[in-house]
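Q: Protein chains in written order, with this note's numbering: chain R, 1 to 335; chain V, 1 to 301.
Hint data in this document are derived by calculation from the structure and do not stem from the laboratory.
All C-beta atoms, glycine included, are put in the ideal place defined by N, C-alpha and C.
Do not take every clue at face value.
[Claimed, not checked] Label-pair distances were calculated between CB atoms; the ranges are:
(1) R:Val128 <-> V:Ala200: 28 to 38 Å
(2) V:Ile279 <-> R:Gly161: 47 to 57 Å
(3) R:Val327 <-> V:Ile279: 38 to 48 Å
(4) V:Ala200 <-> R:Tyr131: 48 to 58 Å
[Said to hold, decoys possible] Computed footprint of chain V on chain R, listed as stretches where at least three residues anywhere in the stretch have a Cβ under 8 Å from a Cβ of chain V:
(5) 86-96
(6) 190-203
[What the hints assert, rightly or not] Simulated coverage check for chain V against chain R, where a stretch passes if three residues somewhere in it have a Cβ under 8 Å from a Cβ of chain R:
(7) 88-97
(8) 178-187
(9) 251-263
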Amino acid sequence: MFKFILRRIALVIPTFIGVTLLAFALIHLIPGDPVENLSGERGMEPARRARLLHEFGLDKPLYAQYFDYMKQLLHGDLGTSLTTHEPVFREFLTLFPATVELSFFALLMAVCLGLPGGILAALKRNTVADYAVMGASLTGYSMPIFWWALLLILLFSVQLGWTPVAGRIAVQFDVPATTGFMLIDALRSGDPGAFKSALSHLVLPSIVLGTIPLAVIARMTRSSMLEVLREDYVRTARAKGLSPARVVMVHALRNALIPVITVIGLQVGLLMGGAILTETIFSWPGVGNWLVHGVQSRDYPVVQGGILLVATIVISVNLIVDLLYGVINPRIRHA
Amino acid sequence: MPETATIIDSAAEPVQPGPLKEIWLSLRQSRGALLGLGIIAALVFIALTANWIAPHPPFEQYRESTLMPPAWTAGGDERFLLGTDPVGRDILSRLLYGTRLSLLIGLISVSLSMSLGVMLGLVAGYFRGLTETIIMRLMDVMLALPSLLLAIAVVAILGPGLINAMYAIAITLLPHYVRLTRASAMAEAGKEYVASSRIAGAGTMRLMFITILPNCMAPLIVQATLGFSNAILDAAALGFLGLGAQPPTPEWGSMLADALEFIQRAPWVVTLPGLAILITVLAFNLLGDGLRDALDPKLKR
Numbered sequence: 001m002f003k004f005i006l007r008r009i010a011l012v013i014p015t016f017i018g019v020t021l022l023a024f025a026l027i028h029l030i031p032g033d034p035v036e037n038l039s040g041e042r043g044m045e046p047a048r049r050a051r052l053l054h055e056f057g058l059d060k061p062l063y064a065q066y067f068d069y070m071k072q073l074l075h076g077d078l079g080t081s082l083t084t085h086e087p088v089f090r091e092f093l094t095l096f097p098a099t100v101e102l103s104f105f106a107l108l109m110a111v112c113l114g115l116p117g118g119i120l121a122a123l124k125r126n127t128v129a130d131y132a133v134m135g136a137s138l139t140g141y142s143m144p145i146f147w148w149a150l151l152l153i154l155l156f157s158v159q160l161g162w163t164p165v166a167g168r169i170a171v172q173f174d175v176p177a178t179t180g181f182m183l184i185d186a187l188r189s190g191d192p193g194a195f196k197s198a199l200s201h202l203v204l205p206s207i208v209l210g211t212i213p214l215a216v217i218a219r220m221t222r223s224s225m226l227e228v229l230r231e232d233y234v235r236t237a238r239a240k241g242l243s244p245a246r247v248v249m250v251h252a253l254r255n256a257l258i259p260v261i262t263v264i265g266l267q268v269g270l271l272m273g274g275a276i277l278t279e280t281i282f283s284w285p286g287v288g289n290w291l292v293h294g295v296q297s298r299d300y301p302v303v304q305g306g307i308l309l310v311a312t313i314v315i316s317v318n319l320i321v322d323l324l325y326g327v328i329n330p331r332i333r334h335a
Numbered sequence: 001m002p003e004t005a006t007i008i009d010s011a012a013e014p015v016q017p018g019p020l021k022e023i024w025l026s027l028r029q030s031r032g033a034l035l036g037l038g039i040i041a042a043l044v045f046i047a048l049t050a051n052w053i054a055p056h057p058p059f060e061q062y063r064e065s066t067l068m069p070p071a072w073t074a075g076g077d078e079r080f081l082l083g084t085d086p087v088g089r090d091i092l093s094r095l096l097y098g099t100r101l102s103l104l105i106g107l108i109s110v111s112l113s114m115s116l117g118v119m120l121g122l123v124a125g126y127f128r129g130l131t132e133t134i135i136m137r138l139m140d141v142m143l144a145l146p147s148l149l150l151a152i153a154v155v156a157i158l159g160p161g162l163i164n165a166m167y168a169i170a171i172t173l174l175p176h177y178v179r180l181t182r183a184s185a186m187a188e189a190g191k192e193y194v195a196s197s198r199i200a201g202a203g204t205m206r207l208m209f210i211t212i213l214p215n216c217m218a219p220l221i222v223q224a225t226l227g228f229s230n231a232i233l234d235a236a237a238l239g240f241l242g243l244g245a246q247p248p249t250p251e252w253g254s255m256l257a258d259a260l261e262f263i264q265r266a267p268w269v270v271t272l273p274g275l276a277i278l279i280t281v282l283a284f285n286l287l288g289d290g291l292r293d294a295l296d297p298k299l300k301r
């Protein structure tokens, strides 16, 4: 097991180095350099430009610049935002909990609906229930989520007035950000109104962000369950006279879940991508929203640092899923 | 009459149906795939004939009739079947022209990505060793980024715009083709027909492209179909974020973004382009699913 873990971690290192190369290259591929950006419209005399280039270390050969960049990275220095003049890493840390909170509820909803949906479709194969679940999940899978978000806002916020349109909590609640997770912070503030407000702000964004993972999980659960239900041990369990519920929930489901868990783990990448759109629409102050603003305002340190951090998170989560998979399914360890 | 002829033929000498016919026969079993195929055929027709079937030019602004509701609702005008947008352009016409753009985005990004991806995948699967390691690590890096984020990064480098969005999407689709081609090229390269072709004196290029490649096509065709839906969805998302097609281009995602502030007063300016995206993406996914069932021997009934 220990060897397995080491081998998997060793495999991730080149990928991570590749991501740093990509982030490094990004800044150099973008037209213009930081000094040019500083000089603005009027330009700058060559002597001052040369001095600034030297100051930023931009006159060194590329490989030396990359080593400088890596040295900074290992010190946790991702540069400073051009618009807010805050360190990129600190900005990321304050915004990240919002994205985690949103993604957590999105995934929770996707799992809580997707698993039973998929199981139901598999058990009632080729019935109306199966077609309904599969049709809905195919539609969800094909959904342009930014449009889905607008439809939900039109219905629940504009027509019915049930949910707020944007943000994480109503303005009148001033909740001190201790953990960065609004629900926890609101709960700690002791004001039930604040908690309710935070919760109601979370509903629509979670549905929107969870839609595609929900569809993927339902489809995967169904096909994995169908495969398992054909196995001999399931027939044996039935023949022994076990109740159908026990056969499904204990014998079949446990084995069917193995590929589903991998798929759930892989949704993290999708969630980070979906968060970009969801956060933009709901003005959710998270990492996705921040990145889009970064691109729109040409705040390259933010784009560079953000891409690096998001990729790091996706790589780490995939690694953890991989390791967990080894724990659940010992055969993988020796593959 | 032709039917009986085939039956007699096959009775005399069992003929294997050609690969295309085989795909079609199993595709015909699936109602979903046929529905998808039908919608795609209709969309292609619309894209090709948009010039003639669109009631108005896509950029024509009817200043006296802005934000007209669809014709069947109160206050609608029969000149504008699906209503008009905030500057008085006919939404139906823009949607019809948008079909052309969306299909073109899918076609160009998928072809770009597939040709490059197949090449890299074949090279990796055929030569193995260091070349393979470098190519596959690079693909791992690309897969570590969510596709939309990778597309945004590419657009940040190239600048926003429809053409750059296509390049960006082609890049995000690339790893899938590389991995698929490599996996099936590796499986095929060890088979006897490849060895005998090599003994017969076939060169590397011939072995890669003429002997091995055709036998790797099945998963690639499925992936290409699904790639269409990804490309159309991501292009619309980029357009929506203002990083793809720029106004006044009648691209569905940017049409939606342009009209966002009028969503309460005129919901149709937002709902209709989104519906067009959903239907198109759904059609390609339906066809892709059907093709996968038809081409994947493991799932064959």
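Q: Each hint needs a verdict: does it hold in this structure or not?
A: Each hint, compared with the structure:
1. R:Val128 <-> V:Ala200: 28 to 38 Å: 57 Å, violated
2. V:Ile279 <-> R:Gly161: 47 to 57 Å: At 30 Å between Cβs, range violated.
3. R:Val327 <-> V:Ile279: 38 to 48 Å: Holds - the Cβ-Cβ distance for valine 327 (chain R) and isoleucine 279 (chain V), about 43 Å, lies within 38 to 48 Å.
4. V:Ala200 <-> R:Tyr131: 48 to 58 Å: 51 Å, holds
5. 86-96: Our answer is that it is violated, as 0 residues pass the Cβ test (under 8 Å) against chain V, missing three.
6. 190-203: violated (count 0)
7. 88-97: This one is violated; 0 residues, fewer than the three required, reach chain R with a Cβ under 8 Å.
8. 178-187: Not satisfied, violated; 0 residues make the cut.
9. 251-263: As far as the stretch 251-263 of chain V goes, the hint holds, because 4 residues have Cβ atoms under 8 Å from chain R.
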